[in-house]
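Undergrad: Protein chains in written order, with my numbering: chain A, 1 to 364; chain B, 365 to 705.
Each hint should be verified, as a subset may be incorrect.
[Claimed, not checked] In silico DSBU-like cross-links for lysine-lysine, where the CA-CA straight-line distance does not exceed 30 Å:
id: 1; chain 1: A; residue 1: K20; chain 2: A; residue 2: K245
id: 2; chain 1: A; residue 1: K310; chain 2: A; residue 2: K121
id: 3; chain 1: B; residue 1: K431; chain 2: A; residue 2: K245
id: 4; chain 1: A; residue 1: K245; chain 2: B; residue 2: K425
id: 5; chain 1: A; residue 1: K276; chain 2: A; residue 2: K303
id: 6; chain 1: B; residue 1: K431; chain 2: A; residue 2: K167
id: 7; chain 1: A; residue 1: K277; chain 2: A; residue 2: K303
id: 8; chain 1: A; residue 1: K285; chain 2: A; residue 2: K310
id: 9; chain 1: A; residue 1: K310; chain 2: A; residue 2: K20
[Unchecked claim] So, partial list: chain A residues that the calculated Cβ filter (under 10 Å) puts toward chain B:
id: 10; residue: R116
id: 11; residue: V131
id: 12; residue: P132
id: 13; residue: R148
id: 14; residue: D333
id: 15; residue: L343
[What the hints assert, rightly or not] To be clear about the criterion: a stretch of chain B counts as covered by chain A if any three or more of its residues have a C-beta under 8 Å from a C-beta of chain A, and this derived list gives those stretches:
id: 16; stretch: 446-453
id: 17; stretch: 507-518
By construction, these hints were calculated from the structure, which means they are not laboratory data. Positions of the beta carbon are idealized from the N, C-alpha and C atoms, including for glycine.
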Amino acid sequence: MRQRHEFHVDSTRYLDDHGKPLGELPPQAEQTERTLAAYRNMVLTRAFDTKTIALQRTGKCGTYPSVLGHEVIGTAIGQSLASTDVFVPYYRDQATHILRGVSLTELLLYWGGDERGSAWKHCPEDLPISVPIATQCCHAVGVASAFRIRGEARAVVCCVGDGGTSKGDFLESINLAGAWHLPVVFVVINNQWAISTPRTVQSSAETIAQKAIGAGLPGHVVDGNDYFAVTETMDQALARAHGGKGASVIEAVTYRLGDHTTADDATRYRSAEELKKAWERDGLKRLQNYLHNTGLWDPEQEKRLQSECKEAVDRAVEAYLATEPEPPTAMVDYLFETVPMALQAQRERIADKYRARTGQGGAA
Amino acid sequence: MNASAQKAVARSSASEVKDITLVEAVNMALAWEMAHDESVVVLGEDIATNGGVFRATVGLKERFGYKRVMDTPLAENLIAGATIGMAVQGLKPVAEFQFMGFIYAGMEQMVSHAARMRNRTRGRLHCPLVYRAPFGGGIHAPEHHSESTEALFAHVPGLRVVIPSSPQRAYGLLLAAIRNPDPVVFLEPKRIYRAVTQSVTDNGDALPLDTCFTLREGDDVTLISWGASIMETLQAADKLTEQGISAEVIDVATVSPLDRETLLCSVAKTGRAVIVHEACRSGGVGAEIAASIAEAAFLDLQAPVVRVTGYDTIMPYYRNEQAYLPQVDDIVEAVEQVIAL
Chain A
1 MRQRHEFHVD STRYLDDHGK PLGELPPQAE QTERTLAAYR NMVLTRAFDT KTIALQRTGK
61 CGTYPSVLGH EVIGTAIGQS LASTDVFVPY YRDQATHILR GVSLTELLLY WGGDERGSAW
121 KHCPEDLPIS VPIATQCCHA VGVASAFRIR GEARAVVCCV GDGGTSKGDF LESINLAGAW
181 HLPVVFVVIN NQWAISTPRT VQSSAETIAQ KAIGAGLPGH VVDGNDYFAV TETMDQALAR
241 AHGGKGASVI EAVTYRLGDH TTADDATRYR SAEELKKAWE RDGLKRLQNY LHNTGLWDPE
301 QEKRLQSECK EAVDRAVEAY LATEPEPPTA MVDYLFETVP MALQAQRERI ADKYRARTGQ
361 GGAA
Chain B
365 MNASAQKAVA RSSASEVKDI TLVEAVNMAL AWEMAHDESV VVLGEDIATN GGVFRATVGL
425 KERFGYKRVM DTPLAENLIA GATIGMAVQG LKPVAEFQFM GFIYAGMEQM VSHAARMRNR
485 TRGRLHCPLV YRAPFGGGIH APEHHSESTE ALFAHVPGLR VVIPSSPQRA YGLLLAAIRN
545 PDPVVFLEPK RIYRAVTQSV TDNGDALPLD TCFTLREGDD VTLISWGASI METLQAADKL
605 TEQGISAEVI DVATVSPLDR ETLLCSVAKT GRAVIVHEAC RSGGVGAEIA ASIAEAAFLD
665 LQAPVVRVTG YDTIMPYYRN EQAYLPQVDD IVEAVEQVIA L
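Chain B on its own, in the form it takes in the complex (with noise of 0.2 Å):
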């Protein structure tokens, strides 16, 4: 380790805590991680000197360096691709996409290579890599700016997909996916970037990947979720309980590989389950997960699983972006219903 990364680990290792949003605590999950492991570099487009255009990677330039910190042509194929390159020589390279709407032209290099090096080659090589991206709506973007394709990458063998909903998890998270020594594609819901501040202690703690995390115990209902709408599922859980009915809030967080464990578990508990995700409805991993509550738990089950989700449309321009969205009303209005069978 050279003297500069040196007094980085030691200007860091003071175990912060720190109120902090969730794009805040990705931009420290990355500054830990590149401070105590020389092999971690991040790339991109705008992400070195301008930081990030939500500032997530603001400030490594300065304390990595360039060497490190890469701003990249504008070329996402060429991003994802030469991140594989990277990650093969046993760099454990972090590329930024800048919204998730540009990330498709990186998808041969994701699907056809990241997932497959490993197995292809029996091990000889593999993908320690990252791929971050802002995704879903709510932000009033331009076009191309505001899709939930996370269905996409989930229904390919060999990556894993991960997705936080809070500046906790999003820290424990990231460090996991950059330690995980295979592709990791790390979606971040941008909605709720600066949503809420949350305290957390920037010690280095992963959390762990593959692992649903039960936000909420409860009794009467199963609550499935992932990213920014976790906001929308806790807030239909608040309104239910003052209606009496007893929610358990889960958050997927790994969308692929899935722990159904954990979902079957709460749903033999519950008898009902309530699955919530912004993306588009067919096809996407609420089907995956309804599928595999019936395969498994049929017998547990008091009525028919329901999603409330994103239509099989494309995402319509700002001004109807919230029609779109699955709002706390729609939640609770399908909780109802399946309390009422």
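Chain A extracted, bound-state conformation (with noise of 0.2 Å):
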């Protein structure tokens, strides 16, 4: 018997837990003022995250999924894609939505029960959080393929999890960007857990990475904590969908530091040693030990950088909580273009309640 064909799966790491270079450094690397803002960014969506939570434990938001552990992967996405560019999220895609321009007060309306959380100004194109696990893949080929259609040079980087690539919404989209050789990039955020289901039961396969080459696409692993590797290899993979060289699939491996979501309690399925060995890889930490060790950051400026980011989400947190609820016939009013006949009498019920409850007009 002869070997028909070979594959590789690629895996790219720069810096070791400590932020110590293993070797030589990407080109990525010298871009210093690239690199300060990612570690901004990663503080600011690590501040925010925190204090999120803590809304939520006083009853000020609703159910919400940490971005602990995935800061590093989520500010380098944003770093790569171009303005003009379409990202599709998941739901713990903060540190990219942050990037894209959506903001702290949006994200907050958004988890505290609020639908115009989701109606972003400054990316209007990019797609919504997506809860229900794989499907906006889906909607990434579509996406890619309109640029396709219209030939536009256009990229889309489209986030799933781990547990999200046991989904047929993950392998029919992967395929389907082969086929239709589609300029969008997957990004596979590989944190270990699928809320209280672990890798090892997700897929027997040794990388995620390596379902790609089903599709007939390139598979890489990537070290979800080291900034570098994952920049380097997201700036590769729009490249080649800008350039018309067609998909890829990112592997970028990290681990889920908080619980799935403020309604989980992951002690109870996981230990506290995987969890302390898996703070000692925290990538901020280990982008934070690099900036200090080049001499590009000192404790002042991460005293400052500190009280700013504090700031800035203590200012959103207020403009969230100042935000009055929209008026309850928001519900109809956005359904279709416009309110059809049928529903008009509902709608009518609806603003007549809130009226004879508020005394408020709720018909605008």
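Take each chain as given, in its own frame, and dock them per the hints.
TA: What follows is the structure in structure tokens.
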């Protein structure tokens, strides 16, 4: 028997757990301003995350999925994307949304039970947060198809978790991306846990990236806590997509340092020791160490950044808490372009009840 | 507009009048709209080179090119979801599901995304798309090819469910569905794909959505139906005329959102209503119509509202499919029953 095809899956890592270069760094490491901006975004994202969890614990926000452990991946994605590209998220992409121009107040509104939290003004073509697992992958290939049909040199980045790669949506979408040669980058954020189900239960495949091969696409594994590794891989995958060379799949390996959501308690299914080890590989701390070691960052700058981020988050929280709910008639007003006749009576009923309760008109 | 599209427009601007079948009307509407709006694209399984298993998309690839007429991999969930991605980008995709029996894999995308996109982004993104599927029984098809499950979609806020029952309405309603800025599930009664021909003017005129069509005026009873059952309903109305009973026949056409006004006005006039549909009975669109009449026109009624429908069981394989489908005599009998009261 002779071997017909040979496949391989690359793996990239540049920094050790303490932020020390393991060898030569990629050219992106020379872009000091970009690296510092990335670090600032990671710190802001973590400050936002900490505060939002606190809001939920005190009854001021709904169920919220912590982004802890995803800051490096999300930031690198946000920086690599061109403003004209389209981002197709899942639901733990806060770091990317912030770089795309979604305001912290909008993110709070979304998780705080207000649809206006997805009416993003600064990235109007990005898809909204997608809660049904992996369904967004199909939208990503649709958006990329639109670019191909119109002959536009734009690209799509789609995020999905390790659990999501078990779904047909992911597999069908990477398959189409290969068959139609679409400008899309799938980033699988492998944080080891799909709520309580560990990565090993999702699939016996050695890597998730190798699923790309079955779709005729290149698959890369990258250390998701290594800013330079994720950035280089994202830049290359997007250059490939923009250059008409097709899609790719990146498996960014990290660890979900928080609970699945504020409604979850991860101590029920994973050990404190495993979590402690994961914290030792924290990508934010790793980049901070790198910046300190290379003289690009000092404790004074850190102090200032922490206080700036706190202020930005506090301002957003204030704006969020001060936002009045929409009149309840909004539940009907955005269903279709115009309210159908069949819904007019129900809309009037909603408006009447609202008026009776508040003395305000809801029929504007 | 590119040169070939302009040529296509020139070809199709002649407002030809043709005697065509329902499935040909679907094809004609797709061709008209593709010729006049570059953002219209069609996709599905076997729809490009093969022209669709029912030939609904025949000739489109040759005329508009493979970029706008796309054969997809065999994955209905993907078709439903990729269509959403195209639609939020401003294209007007028309996706074909080969049979309604295969549409269910796409339902998560329809329910959780297509129907909700405008609402959940507060109008930032919306889905001007059409999901087409042949549906219903009566053509001796294999298992999974004969069901009528329009009620599943009619129950989903944010989806329009439109069902034509003649070549003219297929042409006009499909044009309206494509032009509508929100998602439309367009269900084509395949039993009457080629049952009759009708003269249709290919002039791009759409018919209104969310509106019932009164096919025949009458005074004694209102017969309410849609899709292929319109054929039996009209035949029943003919038989009733012979018996001296004057039946009004209404084609609901858009089963969601419902044009209750037309239905209620008719019932106010006739005082009796018989609802006819192929789908199983409980929780069907007929139940919604009956409830609406009971709520809003109870005092106009001279008899209870009666339904003539399929049974609450699995559509039998084709040797027994006629025993499942409502027949002309079933409708006549139901009318006799309400008239007798």
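Undergrad: Hints first: check each against the structure and report whether it holds.
TA: Cross-check of the supplied hints:
1. K20(A) to K245(A): violated, 34 Å
2. K310(A) to K121(A): With Cα atoms ~23 Å apart, K310(A) and K121(A) stay inside 30 Å; holds.
3. K431(B) to K245(A): The hint holds at about 18 Å.
4. K245(A) to K425(B): At roughly 25 Å apart (the allowed maximum being 30 Å), K425(B) and K245(A) satisfy the hint.
5. K276(A) to K303(A): Holds, at about 25 Å.
6. K431(B) to K167(A): holds, 28 Å
7. K277(A) to K303(A): This hinted pair holds, its Cα atoms lying about 26 Å apart.
8. K285(A) to K310(A): holds, 18 Å
9. K310(A) to K20(A): With Cα atoms ~29 Å apart, K310(A) and K20(A) stay inside 30 Å; holds.
10. R116: Status holds, d = 5 Å.
11. V131: At 8 Å from the nearest chain B Cβ, V131(A) passes the 10 Å test, so the hint holds.
12. P132: holds, 5 Å
13. R148: Hint on R148(A): holds, closest Cβ of chain B at ~8 Å, below 10 Å.
14. D333: Since chain B brings a Cβ to about 9 Å from D333(A), closer than 10 Å, the hint holds.
15. L343: It holds, given that the least Cβ distance between L343(A) and chain B is near 6 Å, below 10 Å.
16. 446-453: holds (count 8)
17. 507-518: violated (count 0)
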